[in-house]
Amino acid sequence: MDHLASTLPTLLGLAWLVPLVSFTLIVLFGSRMGKAGVLAGYVATGAILTSFLLSLTSLGLWLSEVGPLPEGAPAAVAHDEEDAHAAEGHDTHAADEHAANAHAADEHGHDAHAAHAPVPPKYIAGVWYPLGIFDSLRIDIGYHIDALTVCMFAMVTLIASCIHFYAMGYMHDELHDITDHEVTLSNGHHLHRKGRFYRFFQYLSLFCFSMLGLVIAGNIAMVFVFWELVGICSYFLIGFYIERKSASNAANKAFIVNRVGDFGMIIGLMAIWGSLGTFNFGDIDGQQGIFSLVRPGPEYALTTPDGMVKSAAVEQIAAGEAPTPEKINEWRNNKFGYGLLIVAGLGIFCGCVGKSAQFPLHVWLPDAMEGPTPVSALVHSATMVAAGVYLVGRFYPVFTPEVLLVIAYTGAITLFLAATIAITATDIKRVLAYSTVSQLGYMMLALGGGGWFAGMYHLFTHAFFKSLLFMCAGSVIHAVHTNEMPQMGGLRKKMPWTAYTMLVGVLAIAGAGIPFVIGFSGFYSKDAILAQHLSFASTNSTHAILYYAAAGGAALTSFYMFRLWFMTFAGKPRDHHAYDHAHESPKIMYVPLVILSVFAVGVAWDLPFTDLSLQNLLEQARPAGEVGAGVLWDSLAYPAEHLSHAHEIHVEATLVATSAAIVGFLLALAFYGMHWLDAEDARRQFSPIYRFLVNKWYFDELYDFIFVRPVMFVSKLISDFDRKWIDAFIDSTAHWTKAIARFDDAFDRTVVDGLVNVLAAWTYSVAQSLRGIQTGRLRQYVMFIVVGTVGLFVLVSMFWSFAVAGG
Amino acid sequence: MNLLTAPLGVTPLLIVGAVLFVCGAVCMATKRNALGVLMGIELVLNGANVNFVAFSNPTLRADSQFSLGLDGQLIALFVIVLAAAEAAVALAIVLNLYNNHATVDLDRADELKG
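Heads up: the protein sequence lines correspond to chains A and B, in order. So the first sequence is numbered by our numbering: it starts at 1 and just counts up by one. So the second sequence is numbered by our numbering: it starts at 808 and just counts up by one.
Honestly, the hints are just simulated from the structure, not real lab data. Wrong hints could be hidden among the right ones.
Said to hold, decoys possible - Selected chain A positions facing chain B (Cβ under 10 Å, derived; list incomplete):
no., residue
1, V66
2, R723
3, K724
4, I726
5, A728
6, I730
7, Q774
8, T775
9, G776
10, L778
11, Q780
12, V786
We put the CB at the ideal spot given by N, CA and C, even for glycine.
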């Protein structure tokens with residue numbers, strides 16, 4: 001650990017800063033990097049590749065120092081598993097080996113795990129640079145590195161690298177001047193502008209930097225800073241085609257909706273800082289961080305921190321009661337400060353609702369499709385929306401059971417709502433966007449149901465297949481120049497690479513797999529979520545609906561994803577013009593697809609013959625302590641997550657998940673694959689529901705009615721007041737000022753100037769009349785002198801007494 | 808009284824000075840020739856010099872026992888030096904006047920008139 005503590009902050013810090021360097025370079029020299037900044041693409045891609053290599057090195061170091069097994073599982077358990085594998089003869093087939101491994105882990109590992117006391121995850125926390133110290137409160141640029149951070153770094157940089165390569169192909173249009181057919185100028189012409197290749201990569205670099213900063217952040221203040229940076233980058237990227245009205249509107253919408261969530265987050269931050277006096281996650285130099293304040297050892301049960309208890313008991317303290325430890329304990333038992341803890345949790349979650357597009361702030365994400373497709377891939381998998389889920393995961397120890405229930409319900413609503421909308425959407429990218437919203441709902445649902453691991457697991461698997469899906473969609477759009485699925489069809493013959501990698505993505509997101517044997521990555525994570533909620537429902541039967549939402553969502557996911565694939569790639573071409581024009585994308589675009597599809601298949605698998613798996617790695621970062629029972633709401637009790645791995649729960653969840661996926665698949669096949677059923681017919685049959693869904697549950701209209709209209713109305717009133725009263729007042733003031741100035745001007749011109757001019761004219765005329773004396777004749781002057789002297793002499797003689805002359 | 812032996816009073820000297828002065832002044836006022844005017848100036852200065860010398864006579868001074876009475880003579884010397892210098896400068900001006908106008912007639916050099 002000591003070795004890690006000295007190397008990891010440096011390595012990951014570098015991995016974090018390299019994209020910033022690239023961003024700075026492109027900002028300064030971007031427009032001079034070749035034609036339309038073509039070199040900027042190489043700079044940014046090189047930077048993110050460097051980051052990826054550094055992250056990979058860190059991951060390797062972590063594995064070699066900490067080992068691949070979670071803390072709670074001692075070596076003995078690992079041996080048991082090994083033995084179990086050996087008994088089942090895993091040498092024959094790699095595939096069998098995987099299934100056996102997963103199976104064995106589920107059946108043996110976790111019972112043993114349960115017997116052990118909770119162990120806090122290993123982490124490295126420290127400070128790079130102190131920003132400010134206010135008495136006992138301080139803000140630093142610090143780091144908090146645990147297995148989750150290391151995994152996130154590897155995942156984010158890997159996906160971002162693939163997307164960078166892909167984008168170099170996808171954005172080639174920007175290398176020369178562009179006529180944007182979607183923008184009509186006032187003179188009726190289309191907008192003609194220069195290519196902005198370099199600017200795209202400039203934003204991408206900043207985006208990666210912000211996301212990595214968010215992941216490595218050691219305190220919530222830093223999280224907040226990078227949170228906002230991610231937000232502004234998404235704003236730039238969504239509004240990349242800024243001249244298009246729809247794009248700039250979408251960018252504004254994303255930004256404003258996120259602001260709404262961030263408002264809640266700031267409240268949460270204030271609650272934490274005001275009462276705890278620290279923003280740090282972990283303990284740094286003996287100063288306790290939030291986690292150890294909220295969950296003091298040795299049981300790591302959720303405890304209202306002393307600071308919050310004292311904040312809640314201000315009245316008692318003001319009345320003279322000294323806050324001794326006994327007194328604080330008494331207050332704590334009377335639920336003092338628990339409300340503040342809930343406020344903190346809900347506040348932080350508000351931010352996550354905005355970033356991760358949860359109900360009711362999900363409206364921005366589908367509109368964000370206005371950005372170029374690589375951006376959608378990045379935003380929807382590894383960066384922006386992952387940030388919200390990541391923060392919920394990171395902040396998990398602080399959430400009270402009540403807050404988690406809110407999270408779970410928010411997730412369930414989001415999941416169901418988005419999935420239903422995705423069924424009717426025809427824009428290929430919008431289907432994927434709603435699918436993202438829905439999957440994010442899954443993650444939140446899992447986290448809220450006490451499934452920390454299930455939620456984070458799904459975050460990782462989803463990142464791979466969703467970026468894959470988006471890039472495939474981008475490849476399709478690149479080929480047919482339309483987003484509308486009804487104009488596609490039969491494309492698999494024209495673009496086999498795209499079609500089959502996308503099929504992999506679809507299978508992964510639908511959670512395809514052979515139960516208990518093997519499956520795509522989504523199979524495992526969806527399984528874990530369902531199992532968790534089955535376990536949760538068995539403890540809290542009132543909340544069983546969450547489980548049904550998860551199961552129903554799985555069927556819907558499978559249905560709309562296969563619908564997408566069938567409509568795009570299968571059947572006969574519907575638009576022959578588009579079909580004839582279609583072609584496979586260049587290599588730089590489909591090679592990343594292949595790489596990602598490999599990960600989409602196998603990221604959840606164990607590495608053969610080792611204990612190395614994403615599952616084990618994530619388990620290392622599991623926050624210490626269980627969620628436990630609610631304080632305000634006694635009946636709410638969270639089962640420990642490992643209970644969801646129990647045999648009967650696991651089997652049921654797997655069967656339900658698989659059958660849900662199959663039901664969805666069959667439905668899609670019936671409607672869109674084989675045309676046994678007519679989709680048009682069904683649409684007519686359920687036309688009210690169809691209209692409701694196609695209009696996205698009228699959320700935009702609802703918000704328009706609830707928020708936009710009243711705001712517009714009030715603004716109109718204010719603007720009228722402004723125009724009629726304030727403007728009138730200002731105008732009259734201006735009028736009077738002008739009148740006074742005009743009078744002043746006249747006075748100045750006539751009286752003052754007149755006086756001066758008269759004086760000047762007078763002086764002039766006197767001078768004129770005197771100039772005649774100046775004859776220039778010397779002799780005359782001499783005469784004057786003589787006559788003058790004599791005259792003076794006579795005068796003096798006449799008027800002075802002769803005393804002067806001695807008389 | 809023997810005019811040759813009787814001590815000479817100031818009056819005759821003042822008369823001589825006045826005559827010289829008036830002659831000079833008249834010469835300055837009437838001569839159109841620049842050189843003539845310069846001569847007139849010399850006469851005026853010499854008229855003044857005579858007065859200075861006359862007034863420096865020890866017999867005229869209240870503190871005659873203690874004074875050498877040289878003040879007037881010294882001033883006269885100064886005036887002579889000054890006159891010489893002034894004459895040199897004035898002659899240079901006259902030469903320039905001649906260069907520019909091919910004449911030394913002062914009445915024709917009236918460019919500075921108002």
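Structure-based check of each hint:
1. A distance limit of 10 Å between C-beta atoms decides the matter here; for V66/A the minimum to chain B is near 108 Å, and the interface restraint is violated.
2. For the restraint placing R723/A at the interface with chain B, the shortest Cβ-Cβ distance is roughly 69 Å, beyond the 10 Å limit, so the hint is violated.
3. Given the 10 Å rule on beta carbons, the hint for K724/A is violated: about 70 Å separates it from the nearest Cβ of chain B.
4. The restraint placing I726/A at the interface with chain B is violated, with a minimum CB-CB distance near 66 Å, outside the 10 Å limit.
5. The restraint placing A728/A at the interface with chain B is violated, with a minimum CB-CB distance near 64 Å, outside the 10 Å limit.
6. For I730/A, the interface hint is violated, since its Cβ never comes within 10 Å of a Cβ in chain B; the closest pair sits about 60 Å apart.
7. For Q774/A, the interface hint holds, since its Cβ comes within 10 Å of a Cβ in chain B; the closest pair sits about 3 Å apart.
8. Because the smallest distance between the Cβ of T775/A and any Cβ of chain B comes to about 5 Å, under 10 Å, the interface hint for this residue holds.
9. Hint on G776/A holds. Least Cβ distance to chain B is approximately 3 Å, under the 10 Å limit.
10. This hint holds: L778/A has a C-beta 5 Å from the nearest C-beta of chain B, less than the 10 Å allowed.
11. The restraint placing Q780/A at the interface with chain B holds, with a minimum CB-CB distance near 8 Å, inside the 10 Å limit.
12. The restraint placing V786/A at the interface with chain B holds, with a minimum CB-CB distance near 5 Å, inside the 10 Å limit.
Checked against the numbered hints above, the structure violates hints 1, 2, 3, 4, 5, 6; every other hint is satisfied.
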